[in-house]
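Protein chains in written order, with our numbering: chain A, 2 to 316; chain B, 2 to 316.
Please keep in mind that the hints were generated in silico from the structure rather than gathered at the bench.
Heads up, some of the hints might be wrong.
The list makes no distinction among identical chains, and a pair is therefore deemed to hold if it is satisfied within one copy or across any two copies.
[Stated by the list, open to error] In silico DSS-like links for lysine-lysine, alpha-carbon gap of 25 Å or less: (1) Lys-219 x Lys-245; (2) Lys-166 x Lys-130; (3) Lys-25 x Lys-244; (4) Lys-249 x Lys-63; (5) Lys-199 x Lys-130; (6) Lys-257 x Lys-306; (7) Lys-298 x Lys-219; (8) Lys-101 x Lys-314; (9) Lys-166 x Lys-32.
In case you want the letters, here they are:
Number of protein chains: 2
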Amino acid sequence: MATLIAPSNHSPIEDAQALRHAFKGWGADNKAIVAILGHRNVHQRQQIRKAYEELFEEDLIKRLESEISGDFERAVYRWMLEPADRDAVLINVAIRNGSKNYHVVAEIASVLSAEELLAVRRAYHNRYKRSIEEDVSANTTGHLRQLLVGLVSSFRYEGDEINAKLAQIEANVIHESVKEKKGNNEEEVIRILTTRSKTQLVATFNRYRDEHGISISKKLLDQTSDDFHKALHTAIRCINDHKKYYEKVLRNAIKKFGTDEDGLTRVIVTRAEKDLRDIKELYYKRNSVHLEDAVSKEISGDYKKFILTLLGKQD
Amino acid sequence: MATLIAPSNHSPIEDAQALRHAFKGWGADNKAIVAILGHRNVHQRQQIRKAYEELFEEDLIKRLESEISGDFERAVYRWMLEPADRDAVLINVAIRNGSKNYHVVAEIASVLSAEELLAVRRAYHNRYKRSIEEDVSANTTGHLRQLLVGLVSSFRYEGDEINAKLAQIEANVIHESVKEKKGNNEEEVIRILTTRSKTQLVATFNRYRDEHGISISKKLLDQTSDDFHKALHTAIRCINDHKKYYEKVLRNAIKKFGTDEDGLTRVIVTRAEKDLRDIKELYYKRNSVHLEDAVSKEISGDYKKFILTLLGKQD
């Protein structure tokens, strides 16, 4: 379930005019920006962008970028992009020299469906004039490259079939690799993770837990020091249960010294129209505190208002 | 230019009835089968299949398989499939245990456009309930796996931009790898070949030839003993000039002791509606003999009639 609260009827033209009004004079009326854009779904936002362009002959997103700043700007910017285009931007930012948040690439590629991932690959072409695999592979080497390129290039079968025998065999392959910690089985682990259907992989992960009394993601936790193992861990968690994964990203983002606004924004903007309500419930069960309350203590200003609005807070 | 001669107007129902008539009694009227199906384009063939199913409540392709046999059956069967489905079958046959024609996988993945390759990946899901990368990677290891999985999973950027400096750098990377023959640069060569746009790769290959006075594919020829180098060579040739590549496949198929019917059928069925006329011209220029005449000497019977029909021979 989503957290976004959007009216069933809205006028794109009136919204565009109200935004134009909010931009007037020194400093924008950020409250108005949040009140409008924080309550419109992806289709409505695209309509507003189109109406704004037609009425005022300027790009709404560019104007927003010049009117607002900081975390607020970054969150509104990501929110305004269509989901596939947003993921393309998130991947590009994650692999750009200097940032190297490779686990974000693994996250996006592992959470999306085959067709959704493909839409991101198309969006990446349009925006950067290169392919995702081209940029990912040019910035990585060895097993990390193999894993990430495999994940972003996958077009997984999405049927419900489970091959129980295969699950057992491949649970053992993963076990051998994790046990040895020598890395001579890593190519097989990468093959399994990047090519099998998610249904099959969950069966394999379950089989692993049944046999070894611990989940593969927990087992991997003591090896997540390098980028490869971090990305591997992320992919397994996202395939296994992406809502639980996102809950943990939020938990870590909040409890971090200084707050990880990028992680916080990414999860909330990406999931607000999808399953953020479920993630919120998981958060409450896990932490005995409401996500809104935890977030409220850590961030401030217009950024805080915007994030809380996307979290479904009634005005 | 295509070689297929198909009427602009035809009646799918009359065609279906004529085929049904051809199946009557002991042994099918193969001449009628060739006369109809050898002169229908992909859209018309699908219409005939649909009309046949509706009229006679049986699958035309299954019926054809039971009526005819040998090379003729195989050629008609491949011809009747939609192109993406046909390529899915060709890939599956190529990697099935025992055959291991890995270069066919490299050929198909390298010749197709990004969207065409994607259609093959979808067709493979539908037909085999697995992904191409899943089957390819389960049947290969090491560099061969990396290359083939990279090729079948690629979604190349298709813009016209060329980065001349990058072409120079990567021509050198390829040169170092080919020169050393030690294989410690192969992962970089695989990265370049599987991720760069075809336009960029052609620039890189040209740069290589300019600097070293020999084309990269010729240079690689003395290393094509193993499956990896054979697939690498195929990918480079297909990206560089797929018509020249197909001409050579035909030349080798014909001059081989015993004729390689699979190669012959694959090229003719796959290209008859696309650019087989150009390939025929290349063949004539290279061999001073018409492709139809060369083929005529090597094969016989209904298979020969069918292949010559697809080659554009007037009845």
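Quick rundown of the hints versus the structure:
no., hint, verdict
1, Lys-219 x Lys-245, "within (13 Å within a copy, 53 Å between copies)"
2, Lys-166 x Lys-130, "between (43 Å within a copy, 16 Å between copies)"
3, Lys-25 x Lys-244, "neither (40 Å within a copy, 61 Å between copies)"
4, Lys-249 x Lys-63, "neither (33 Å within a copy, 53 Å between copies)"
5, Lys-199 x Lys-130, "between (30 Å within a copy, 13 Å between copies)"
6, Lys-257 x Lys-306, "within (20 Å within a copy, 74 Å between copies)"
7, Lys-298 x Lys-219, "neither (30 Å within a copy, 66 Å between copies)"
8, Lys-101 x Lys-314, "neither (33 Å within a copy, 59 Å between copies)"
9, Lys-166 x Lys-32, "neither (57 Å within a copy, 49 Å between copies)"
In this structure, the hints that do not hold are numbers 3, 4, 7, 8, 9, in rising order.
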